[in-house]
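Q: Turn these sequences into a full structure, and let the hints guide you.
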Amino acid sequence: MTGLVMPKADEKTMARRAEIVAAMRAIVPGEGVVETVNEMRAFETDALTAYRQLPLVVVLPETVDQVARILRYCNENGVRVVPRGSGTSLSGGSLPLADAVLLVMSRFNRILEIDFPNRVVVAQPGVTNLGITTAVEQDGFYYAPDPSSQIACSIGGNVAENSGGVHCLKYGLTANNVLGLEMVLVNGDVVRLGGKHLDSEGYDLLGLMTGSEGLLGVVTEVTVRILKKPETARAVLIGFPTSEQGGQCVADIIGAGIIPGGMEMMDRPAIKAAEDFVQVGYPLDVEALLIVELDGPPAEVDHLIAEVERIAQANGSTTCRISGSDAERLSFWAGRKAAFPAVGRISPDYLCMDGTIPRKELPRVLAGMRELSEKHGLRVANVFHAGDGNLHPLILYDANNPGELAAAEEFGADILRLCVKVGGVLTGEHGVGVEKRDLMPEMFTEADLDQQMRIKCAFDPNHLLNPGKVFPQLRRCAELGRMHVHQGKMPFPDIPRF
Numbered sequence: 001m002t003g004l005v006m007p008k009a010d011e012k013t014m015a016r017r018a019e020i021v022a023a024m025r026a027i028v029p030g031e032g033v034v035e036t037v038n039e040m041r042a043f044e045t046d047a048l049t050a051y052r053q054l055p056l057v058v059v060l061p062e063t064v065d066q067v068a069r070i071l072r073y074c075n076e077n078g079v080r081v082v083p084r085g086s087g088t089s090l091s092g093g094s095l096p097l098a099d100a101v102l103l104v105m106s107r108f109n110r111i112l113e114i115d116f117p118n119r120v121v122v123a124q125p126g127v128t129n130l131g132i133t134t135a136v137e138q139d140g141f142y143y144a145p146d147p148s149s150q151i152a153c154s155i156g157g158n159v160a161e162n163s164g165g166v167h168c169l170k171y172g173l174t175a176n177n178v179l180g181l182e183m184v185l186v187n188g189d190v191v192r193l194g195g196k197h198l199d200s201e202g203y204d205l206l207g208l209m210t211g212s213e214g215l216l217g218v219v220t221e222v223t224v225r226i227l228k229k230p231e232t233a234r235a236v237l238i239g240f241p242t243s244e245q246g247g248q249c250v251a252d253i254i255g256a257g258i259i260p261g262g263m264e265m266m267d268r269p270a271i272k273a274a275e276d277f278v279q280v281g282y283p284l285d286v287e288a289l290l291i292v293e294l295d296g297p298p299a300e301v302d303h304l305i306a307e308v309e310r311i312a313q314a315n316g317s318t319t320c321r322i323s324g325s326d327a328e329r330l331s332f333w334a335g336r337k338a339a340f341p342a343v344g345r346i347s348p349d350y351l352c353m354d355g356t357i358p359r360k361e362l363p364r365v366l367a368g369m370r371e372l373s374e375k376h377g378l379r380v381a382n383v384f385h386a387g388d389g390n391l392h393p394l395i396l397y398d399a400n401n402p403g404e405l406a407a408a409e410e411f412g413a414d415i416l417r418l419c420v421k422v423g424g425v426l427t428g429e430h431g432v433g434v435e436k437r438d439l440m441p442e443m444f445t446e447a448d449l450d451q452q453m454r455i456k457c458a459f460d461p462n463h464l465l466n467p468g469k470v471f472p473q474l475r476r477c478a479e480l481g482r483m484h485v486h487q488g489k490m491p492f493p494d495i496p497r498f
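Residue numbers (UniProt numbering): 1 to 498.
Keep in mind that the hints were calculated from the coordinates and are not lab data.
Predicted model only: the values in this text are computed from it and were never measured.
Note that the Cβ used here is the ideal one computed from N, Cα and C, for glycine as well.
One should not assume that every hint holds.
Ranges of calculated distance between the beta carbons of each label pair, as one might list FRET restraints [what the hints assert, rightly or not]:
{"#": "1", "residue 1": "Thr36", "residue 2": "Glu231", "range": "52 to 58 Å"}
{"#": "2", "residue 1": "Tyr51", "residue 2": "Asp204", "range": "29 to 35 Å"}
{"#": "3", "residue 1": "Ala42", "residue 2": "Glu410", "range": "29 to 35 Å"}
{"#": "4", "residue 1": "Arg364", "residue 2": "Asp448", "range": "22 to 28 Å"}
{"#": "5", "residue 1": "Gln53", "residue 2": "Asp414", "range": "22 to 28 Å"}
Distance condition first, Cα-Cα at most 20 Å in a straight line; then the derived PhoX-like pairs of lysine-lysine [claimed, not checked]:
{"#": "6", "residue 1": "Lys170", "residue 2": "Lys229"}
{"#": "7", "residue 1": "Lys228", "residue 2": "Lys170"}
{"#": "8", "residue 1": "Lys272", "residue 2": "Lys228"}
A: Written out as structure tokens, the structure reads:
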């Protein structure tokens, strides 16, 4: 263990850790176990970079058997496990724990099968989101969910967080595009859910696993549907003098029965940052910019574009630009997809929030966020999956200034409380993780959370998988069992703390 420094660790703790590391090396030989402090630094955080924690040890398995043996050992010895994909989680979902094995699935990076007749791709969980589209695009297909981090985020992580993207308004989230999973349970059992068929019999365990944030099992294979590229796709770039007018235009487009392939909105700070970064010709004299993409047969697209223009003009639009080529359409999206890194150029740090609201409440919530910005003394740049009401406010702060991180966190909490107040939810696609964990009671009653915890207990009775995430308070499974109609006692052994 050369180079390892474990501050304030007694001999018993060090011996216990050495025992776990040796067990991991016996399962995953070679370079598959990372244990020194310097090497583990690469894994100490995910995309929620405000929080950092070194894991107990990092393990990178290559086979399903290795994953099963790791989980079986940890379950039998009371060792906690944090599953991790590419580490792009914005809610701290893959944040390591000091007393947990960090199970990194990045070596599961192969596409196993491309089945065009059934329009599916079978991939390992470490394959990137964009990698699936890249593998099939020459044959005229693509994978619809497209998070802004699609060049880096893994399909297994997409399943864990039920990720979305700019084209999920029409084509659905990850949950609507995953057909099958292979997963390993905490006791080492390997199970399959779904397959290449559209629907599965019995309980919807596939739906339960999608968005479960690593609390129920570790995904080792994913079967996703692929779609034929639309015959025509054109985008409209629309500017408005106020964000409220842009928000109302969004509501009116959906109210007219138009379902665009994608519909995104940015406010002035986000527009300027994105334009400075990618220089695609965004208008800088507007307060809100709406990108609406229509796809389908050419005649249908032409008709819908005319309808969108009419609705935009009725809402006071000041600019309207229609893409004249596919390259121009992609340039419209390039600025939106680069919005997060672009904002990183105008602020040392930022928190990216993820609340979802009813579309009709968009003007009200935008006004509320301006008031909250003044209250907390911090700037905010807004990027929205406007069509489905998924907001991504970027709260700008400087962690070097005392108190600003705490102010940014409280600002973010107030935004999420506002989302719930107007009938929305705490998250749309980033998950709960640690970021929204303590806000769960704002949305759920104690009875709601207990029922969710019973599901956790059914899969992971010892709370070993990704503990400390999602639930503001862990309840003993035996206690929850007594509350259930079945009185059977569930085991809950003491979990060692390292």
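Q: Provide an ascending list of the numbers of those earlier hints which the structure does not satisfy.
A: 8
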